[in-house]
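Starting from two chains that each stand alone, build the complex the way the hints lay out.
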Amino acid sequence: MSNLFRDRSPYSWSFRIGSGRRVLDLPLVAWLTAIWILLWGTLSWANLVNGIVVAVCLCLAFPLPAVDIGLRLRPLGILRLAVYLLYDMFSSSVEVTRQIFAKGPYHAAVVAVPLRVRSDLMLTATAVAVSNVPGGSVIEVRRSTATLFLHVLDADDPGEIESARRQVWRMEELVARAFGTAEDIAHAARPVPEGDTPP
Amino acid sequence: MNAWARAADLTGAVLLFLGCLQSLLGVIGMLRFPDVLSRSHAATKPQTLGTLLVLVGVALRLRHGIDVGTLALIVFFQFLTSPVASHLVARSAYRTGQTGSRGLLRDDLDPQLSDMEQREE
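Chains as they are written, first to last, in our numbering: chain A, 1 to 199; chain B, 1001 to 1121.
Chain B on its own, in the form it takes in the complex (with noise of 0.2 Å):
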């Protein structure tokens, strides 16, 4: 084993590290935000930056060419298909009201949708 395997093997260790890391921090934001938009943020954490950590990790620990294709194929779709399904939670959460008890300090989206309702009728 060379110096650059002994490297590449360390750099990927790191990043598995950190992302699992990221995953962690995701975690404990579900537990201590109050409310689903909320939580949303801190979900996104571990979907993305934490995959792609753990992913270019596991990259660079297998380093053969259709295996890192592979793991690349599936950061590209991760990052095509997350955001719909948080959006869509996001979207549904707002509109059952599902906003924490405190409120929003502002809210620009309100009352376009009270608009629009009213046009409908």
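Looking at chain A on its own, in the form it has when it is part of the complex (with noise of 0.2 Å):
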């Protein structure tokens, strides 16, 4: 029971309005409500009936299809993730400080991080989530082969070519975990290719 509910998609609780491809969703309903109550700034039962009023009418006028885009919500999975981003902002964080402040030039470099998951949400998502990151910076996706390129800093030190790539892998198997379905994390959870060859 608990198995079937944590693998259902947000999308399953929409339904069609008439005949046409008009579809209420109601999670995004939901959504919008609470921005449009965060906007105004004041928690009422005016607020709240205004803003599910605007909220339908905008799913109304303008109707998006109804695709399961693969997003799955794990509570535990996205307080692993959050923490785990916060540890990785200070850290890197020290880390582009040192840089800064590090005398005498540098080499940088363009690495290919090849990914292990392979739907569009997963790769977004962990792209959104490594260039969040201080001295992460994603130049280039590549959706064909679902490779990310990185630039990385002071790649003259060996290590830090390699250490870059793993940080990807692990931010990938931890977006995997918050917010795929079984199957991507299936995907995430196979082991990195290994060898530093470009493809």
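It should be emphasised that the hints constitute simulated quantities derived from the structure, not laboratory data.
Nothing here was measured: the structure is a model prediction, and the numbers come from that model.
Among these hints, one or two may not hold up.
[Stated by the list, open to error] Which bits of chain B does chain A cover? Going by a derived footprint, with three or more residues having C-beta under 8 Å, they are: (1) 1011-1021; (2) 1037-1050; (3) 1065-1073.
[What the hints assert, rightly or not] The following residues of chain A were derived to be distant from chain B, with all beta-carbon distances above 10 Å: (4) L26; (5) L28; (6) L32; (7) G41; (8) I52; (9) L58; (10) C59; (11) G70; (12) R74; (13) R80; (14) S93; (15) V111; (16) R118; (17) S119; (18) R142; (19) P193.
The C-beta atom is built at its ideal place from N, Cα and C for all residues, glycine as well.
In structure tokens:
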């Protein structure tokens, strides 16, 4: 029972209006209403009702196709991702600060990191998570091979490139465990591609 | 004012200070790094960790449910949108060849891009 619930798409709470392709997506309506209330800054019945009316009108006026993009919300995974992201932001920030004040020229590098997940959502979420950490700069994303291209500072240090790649793979696994379907998690749990050869 | 409020005020002040420090370090990095791609490393610092620290500091001083919710919304959208902007800057900088005068030690992307151009021809 709980397992069934855990792997259920948020889109299963949407229903069709009439015969057309207009779909009322309840999670989307709830999210839009929450933003409406937060933007007004007061929690009152009037704001709540107005928010729901505006959200329903928006959903009907600009219909989105009911596509399952493969988003699952796993509270424990999201918590772990948030904690790791905070830790990573602080430790990488110290690292970038060290590089700012390090004297002497350095060599940068552009490194390809092949990911193990295949879905578009996981690829995007991983790229967003990596670029939010100081020192992570995504230059290019290749969708066909699910590859991220990172800019790495201080590539003269031989361990630097490898540690940047490991960091991306760790982030990928945490992202899949926070937002991915069971299939994504299985993909992300595979061993990382070994060797330091560019594809 | 009880002890808890005092502690929250103090923590908020410390976090505000740390957030400002992050932004200052980001600016120093912008001045010290030579090229666009390296500078974008320093520029993400004030935009993510700096903003987060400042907003948490403000939340600790305001301590009002709905204000904290609005601040959380700001953090959420900041984290969602700033990578898009920095990615586009990095992408256009790379494609216009602004990778620094010393060049790259290793470049995995260049062969792939030239491959694609040849295939299109």
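For each hint, the structure was consulted:
A count of 0 residues in the region 1011-1021 of chain B with a Cβ less than 8 Å from any Cβ of chain A is obtained; the coverage claim is therefore unmet, three being the minimum. Against chain A, the region 1037-1050 of chain B contributes 9 residues with a C-beta closer than 8 Å to a partner C-beta. That satisfies the three-residue criterion, and the hint holds. Look at the region 1065-1073 of chain B against chain A: 6 of its residues bring a Cβ nearer than 8 Å to a Cβ of that chain, three or more, so the hint holds. With a cut of 10 Å on Cβ distances, A/L26 stays outside the contact zone with chain B, its closest approach being about 20 Å.
The beta carbon of A/L28 sits about 16 Å from the closest Cβ of chain B, which is more than 10 Å, so the claim that it is off the interface holds. Against chain B, the non-interface label of A/L32 holds: every CB pair exceeds 10 Å, the least being about 12 Å. The beta carbon of A/G41 is not kept farther than 10 Å from every beta carbon of chain B, the shortest such distance being approximately 6 Å. The claim that A/I52 is not at the interface with chain B holds, since no C-beta of that chain comes within 10 Å of its own (minimum 17 Å).
Interface exclusion of A/L58 from chain B stands, the closest Cβ pair being 17 Å apart, more than 10 Å. With a cut of 10 Å on Cβ distances, A/C59 stays outside the contact zone with chain B, its closest approach being about 20 Å. For A/G70, the condition that its CB be more than 10 Å from all CB atoms of chain B holds, with the nearest at approximately 18 Å. Residue-level check passed: A/R74 sits 18 Å from the nearest beta carbon of chain B, beyond 10 Å.
For A/R80, the condition that its CB be more than 10 Å from all CB atoms of chain B holds, with the nearest at approximately 17 Å. Listed as a non-interface residue, A/S93 fails to keep its Cβ farther than 10 Å from every Cβ of chain B; the least gap is roughly 5 Å. Its closest Cβ contact with chain B, about 6 Å, brings A/V111 to no more than 10 Å, contrary to its assignment away from the interface. No beta-carbon of chain B is positioned within 10 Å of the beta-carbon of A/R118; the least distance is around 19 Å.
Every beta carbon of chain B lies more than 10 Å from that of A/S119, the smallest distance being close to 18 Å; the non-interface claim holds. Distance check on A/R142: its Cβ comes as close as 7 Å (rounded) to a Cβ of chain B, failing to clear the 10 Å threshold; non-interface status is violated. No Cβ of chain B comes within 10 Å of the Cβ of A/P193; the nearest lies about 13 Å off, and the non-interface call holds.
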